[in-house]
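With chain E held as given, fit chain H onto it using these hints.
Protein sequences appear in the order of chains E and H. Using numbering that gives the first Met the number 0, the letters of the first sequence correspond one by one to residues 0 to 82. Using numbering that gives the first Met the number 0, the letters of the second sequence correspond one by one to residues 0 to 82.
It is possible that some hints are incorrect.
[What the hints assert, rightly or not] In silico PhoX-like pairs for lysine-lysine, Cα to Cα no more than 20 Å straight-line:
(1) H/Lys54 with E/Lys30
(2) H/Lys9 with H/Lys54
(3) H/Lys9 with H/Lys39
(4) E/Lys9 with E/Lys39
(5) E/Lys1 with H/Lys39
(6) E/Lys1 with H/Lys1
(7) E/Lys54 with H/Lys30
(8) E/Lys9 with H/Lys54
(9) H/Lys9 with E/Lys1
(10) H/Lys9 with E/Lys39
(11) H/Lys1 with E/Lys9
(12) E/Lys39 with H/Lys1
(13) H/Lys39 with E/Lys39
(14) H/Lys1 with E/Lys30
[Claimed, not checked] Now the in silico label distances, taken between C-beta atoms and shown as ranges:
(15) H/Lys30 with E/Gln18: 16 to 24 Å
(16) E/Asp52 with H/Ser51: 37 to 45 Å
(17) E/Ile73 with H/Lys1: 42 to 50 Å
(18) E/Glu61 with H/Thr77: 21 to 29 Å
(19) E/Ser33 with H/Lys30: 37 to 45 Å
Hints listed in this document are in silico derivations from the structure and should not be mistaken for laboratory results. For every residue, glycine included, the Cβ atom is placed at its ideal position computed from N, Cα and C.
There are 2 protein chains.
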Amino acid sequence: MKAHVYVTLKRSVLDAQGQTVAGALRRMNYKGVSDVRQGKYFQLTLDNSFSSDVKSAEAEVERIAREVLTNPVIEEFTYHVEA
Amino acid sequence: MKAHVYVTLKRSVLDAQGQTVAGALRRMNYKGVSDVRQGKYFQLTLDNSFSSDVKSAEAEVERIAREVLTNPVIEEFTYHVEA
Chain E
0 MKAHVYVTLK RSVLDAQGQT VAGALRRMNY KGVSDVRQGK YFQLTLDNSF
50 SSDVKSAEAE VERIAREVLT NPVIEEFTYH VEA
Chain H
0 MKAHVYVTLK RSVLDAQGQT VAGALRRMNY KGVSDVRQGK YFQLTLDNSF
50 SSDVKSAEAE VERIAREVLT NPVIEEFTYH VEA
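Bound conformation, chain E alone:
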């Protein structure tokens, strides 16, 4: 089973990396990209000792994302579990 966690800065937090990429795209003449936000992507490989039921695996991945992968002061996350 695999889980994917996407961590981004909260909307209210300045995303300097994203703005740098957006500026670079403009200067390089890629048109039509009005905003870029950059975040982190985690791909977790889950083995047999992980909850095999998708519902409880999702709860466990949500806990890992919240407690370990995210700084809740400035970041938020989404995730999904592949059965």
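Structure of chain H alone, referenced to chain E:
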């Protein structure tokens, strides 16, 4: 329209960040995560001057991902465009 690009290190490239996270999870007693790969996530907001047709928007996002967001020597990417 929004586009999402996920950049990860190639399988053959050592992912020190991912291994550090995997080790931390083990030490913190989160069971069942056998591997972690860490990558980058880009969320692009596309305005009206971007290709409005999904097929050509995808081709344009693929070009941006390949030419700007990814280092092809060590990284690979996936993407999807939200209509």
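- Item | Hint numbers not upheld by this structure, sorted from lowest to highest | 2, 6, 8, 15 and 17
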